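Enquirer: When we follow the working numbering, the leftmost residue of the sequence shown carries the number 9, and every step to the right adds one.
A couple of the hints might just be wrong.
To be verified - Computed cross-link-like contacts, DSSO-like style, restricted to lysine-lysine with a CA-CA straight-line distance of at most 27 Å: (1) Lys265 / Lys134; (2) Lys34 / Lys120; (3) Lys39 / Lys127; (4) Lys134 / Lys278; (5) Lys34 / Lys134; (6) Lys233 / Lys39; (7) Lys241 / Lys36.
What the hints assert, rightly or not - Label-pair restraints from in silico Cβ distances: (8) Asn64 / Glu106: 39 to 47 Å; (9) Gln238 / Ala14: 18 to 26 Å; (10) Phe73 / Glu106: 29 to 37 Å.
These are calculated hints, taken from the structure and not from any lab test. Keep in mind that this is a model prediction, so the values were computed, not measured. Glycine included, each C-beta is placed from N, C-alpha and C at the ideal position.
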Amino acid sequence: MKREGALIEQVADMENLCLAYWKARKGKEGKQEVITFVRDLDRNLSSLHNQILCGNVAVGNYHYFTIYDPKERKICAASFSERVLHHALMNVCHANFEKYQVFHSYASRIGKGTFAAVKQAALYQKQYRWFLKLDVRKYFDSIDQSILISLLKRRFKDQFLLRIFTMIIGSYETASGKGLPIGNLTSQYFANHYLACADHFLLEELQPAAYVRYMDDMVIWDNDKNRLLQIGKLFKLFIAEVLFLQLKPFCLNRSEKGLPFCGFLFYPSKIRLNKNSRQRFASKIKKYWNHVELGEWSQSEFQLHITPLLAFTKHADSHGLRKNIILNMTGE
């Protein structure tokens with residue numbers, strides 16, 4: 009495997025840093041830390057340029073908050089300067105990470121994403137009689153940092169770059185040597201890469217009939233229940249012994265019984281929203297409409313916020329649900 013070297017100069021290049029700055033500020037132009045950074049933009053980018061070339065960047069200045077959508081998660085928001093650094097790194101390193109991803113991996117990748125995973129899962133659910141759903145217990149919290157660094161060393165040989173990766177990884181932990189912060193761009197890449205070796209083992213050694221992974225949510229399909237179960241056991245063993253991760257109990261069932269995946273329930277002939285997605289959709293629609301009734305939002309602001317919600321639900325057979333919720337909300 010050929011490793012990428014001499015990348016740190018590309019990361020520190022001022023044009024790359026300017027691009028990273030524009031990416032990091034998108035949608036956050038009004039925030040005070042962005043305004044403060046922009047006031048002395050040239051000096052701040054020059055400082056980041058020098059830090060990168062020296063391999064001694066300022067990381068770990070996190071702001072923590074908790075979200076409950078759809079389940080409780082602790083989010084770590086990095087400082088704006090660090091977010092610029094993350095974009096600068098991945099502008100250059102994206103292609104190398106992408107080379108190692110398999111076709112069947114859909115999270116945090118250009119041209120993939122939730123809806124592409126939904127489309128592929130729906131196709132496999134029609135084609136095969138059995139599915140085995142697997143997911144990792146507390147995935148981001150359980151990632152072993154030393155294993156992650158060793159995996160990164162297989163892809164990259166630039167020592168300054170690896171030093172910065174190591175600093176970012178070591179800036180957060182849930183237990184000694186464990187964990188990645190949810191909310192960082194680098195964490196998305198690192199977490200996706202961590203399971204990529206498991207993807208290769210599964211597809212090249214165990215050769216399932218069909219497979220889809222969305223971050224740590226994985227589904228394997230086959231027409232042979234026993235073969236599917238055997239593949240699952242070997243895959244579980246690999247993940248435990250090589251990556252030090254623990255899978256939740258297997259969800260093995262006939263396709264006709266319904267596959268829970270990415271907020272949907274997949275059947276061979278239809279797709280439904282799962283219970284949490286239905287409740288979240290109803291709750292958010294009502295919350296947004298309340299802003300309109302209180303005069304806090306215009307109709308156009310309301311439309312802007314509900315458009316992605318409606319886009320998500322339209323991937324399921326949910327016309328009746330959407331109609332009933334909206335009619336009840338507006339009283340029409």
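Enquirer: Which constraints among the numbered hints does this structure fail? Numbers only, ascending.
Expert: Going through the list in order, the structure violates hints 3, 5, 6, 7, 8 and 9 and respects the others.
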